[in-house]
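> Going down the list, the protein sequences come from chains X and Z.
Going by our numbering, the first sequence opens with residue -4, and the numbers climb by one from there.
Going by our numbering, the second sequence opens with residue 26, and the numbers climb by one from there.
Any given hint could be a false lead.
Distance ranges between label pairs, derived from CB positions [said to hold, decoys possible]:
id : chain 1 : residue 1 : chain 2 : residue 2 : range
1  : Z       : Glu115    : X       : His143    : 46 to 56 Å
2  : X       : Arg15     : Z       : Val261    : 19 to 29 Å
3  : X       : Gly280    : Z       : Ala109    : 53 to 63 Å
Just so you know, these hints were derived from the structure itself, not from any lab.
These figures come from a predicted structure and were not determined experimentally.
Each residue gets a CB set at the ideal place from its N, CA and C atoms; glycine is no exception.
Single-letter residue listing:
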Amino acid sequence: MTLFDHWHPVALSRELRRRRPLKVTLAGADVVLFRDGPRLGALDNTCPHRGFPLHRGRVDAGQLVCPYHGWRWATDGRGQAPGTPTARPCARAWEAVERHGLLWIRRAGSDMPFPFVDISGHGRVTTLRRRVQAPLEVVLDNFTEVEHTPPVHAFLGYPLERMAEVECATTITDDAVTVFNRGPQRRLPAPIRGVFQIPREADFVDAWTTRFSPVHTIYDQYFLVRGSDERRGPALRIAVFYTPVGPALTDLIVLAYASSARWRRPLLEAIRFPMTRLLVRIEVGRDARLLDAMEAPPVVLKGRALGRFDKALTASRRHIARIYRGEGEATGG
Amino acid sequence: MSEKRVVVLGAGPSGLAVAACLRRRGLNPTILERSEAVGSTWRNHYRRLHLHTVKEHSALPGLGWPEQVPTYPARQDVVDYLEAYAAKFELLPRFGEEVTRVRREGDAWELTHTSGSTRADAVVVCTGYNRVPHEPTWPGEEGFTGAILHASKYLDGSPFRGKRALVVGAGNTGAEIALDLWEHGASSVELCIRGPVHVVPRDLLGLPAQITSLRIMQHLPPKLADKITLSLLRFVVGDLSRWGIRRPKLGPVSQVLREKQIPLIDVGTVALIRQGKIVVIPGIERFDAEGVHTVDGAAHPVDVVILATGYRAGIAAFLEGSEGLLDERGYPTVFGAEAAPGLFFVGFRNPLTGQIHDIAREAERVAAAIAGGGR
């Protein structure tokens, strides 16, 4: 097994036009995506004929046409050479699917499950992709601890002076790492509190589960009346996928949903949805800039000074090695 | 005068709702439940199931849904809600009591159940839409080397990773199980859809289909409602005949009213069908050792067949003299009113506006009829 066996989101649906192919890179492998009606094609980007990069071609009648000699490729990789009609060339195809507003690929013939994101009854707030200059592990580190939220983030999260009050419980299972954080929400401007119906004295819960096929974290974020279990305002459910592009380059692919339904309070939601979108974009942007600024980030955690918020990090490293990269597993079969 | 003796059969949404409504009217019904907990059907459904109707219009009388439950409550949310409901109205069903016979004796009903027998002035049958799995058979099935499994036994697709799977049935369950199998890495997924079917996305232009039908379609003449719905569907879903899904001649609203067939509420299966990930095949003619043969003569080798072929109410099995009260599939024909002296049915309808919504209204009416002594 290799990491190519997992379903990875590699681009947003809106990035792939009807007639223009799109080049994406998954862990160093260049893949060209194109559309044949509702079907999605994904081929190795190098033309099997003479090696021309196929993403420079065009899409015609659902086939990708290489601009060098006009050879044509269907979504399943079967090719036609106009000059030699009897030839049956074949390009290496990936399995590709379009779901949740994203384009996903995995190695053809793999039977890895598709990651489950329960968004039933949620409204989509935004989808976004942001490339960061850091290895996957380091990106995941940032997204699975809350200690960085006071200095780095602007809205969601806890005030630095009360960080010690934040409860942090880490649960590690065979295939997942779950973290539950609850603490006092930092002061928010009154208009934001109003729109999101957050009380002045609120607790913020930031709970998430990271799974490793592919590496992704699903967050549940919501507000409670301080010290009670009474929920206030809408809850956010955010899925973050970490797609490796190269050894020190990772795509953050974010799907953000809110539990509130647009149709129920159309006027309020007409303000709330765009505002939530903006908040999510600002916060992800801050994470990304911070990661870009880390020079030679340490991939190995051994020997580093770690705190109580970092438990998930070491567990995730083990899960990445075993589940995601398939290291240490018996070969054969 | 002594208090009316009322027995409610079943502790699912219908049984609990009727019992709560009766208690609010000062009666103290006995609830007989064959399983060991309330909402057993919901407990045993496949894992990813959600209510296809919105929580605002899916509450039982007297208890709203908690704030944090999403618009379409998940299976576990429904189970939790039913438990909270039973607790709130102090409903204490007698568990492990399977009713084997209900018959009229003089001016009362005589019920035979696991621990003995009970006499009642009124019986409310709330045994549910999904009491008995309906499992059709085909020639050659005994020689099939793969597995055949009814949807009631299906939890999730993980046992079928890498397997060639076939799902039979064009209902919501069949469509969602096909999606689940694909997500869990089945090597191929086929969905057998025999006849024409309307496909309606759960959310149409951001609005839940249930809301649309409750607030608009219900109040329009069926023909007009059909016209509007069909032109909307043409725009949103398009023509799926290329992928093997044909649209019935009768419009979706008329179909519910006349044929009691609800459309397929799509939660993502159709997108996978259009991308060729799930393949729709026509009706099955017979099985052989390798798989199935469809009516068009094609052979489809498969490892596992999931029967999402629905359920039957199975009322005739315990209710004596039920012949005139049930339709050809065994479902009651009288709702929300006395079907026979002292006999009521709740929760055997599946309208476009949502089953739980309907149960809530029926339960109130039935409780009023019982408590009011035929008012």
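> Taking the hints in turn, state whether each one holds.
To see whether the hints hold, each was checked on the structure:
no.	hint	result
1	Z:Glu115 <-> X:His143: 46 to 56 Å	holds, 49 Å
2	X:Arg15 <-> Z:Val261: 19 to 29 Å	holds, 26 Å
3	X:Gly280 <-> Z:Ala109: 53 to 63 Å	violated, 41 Å
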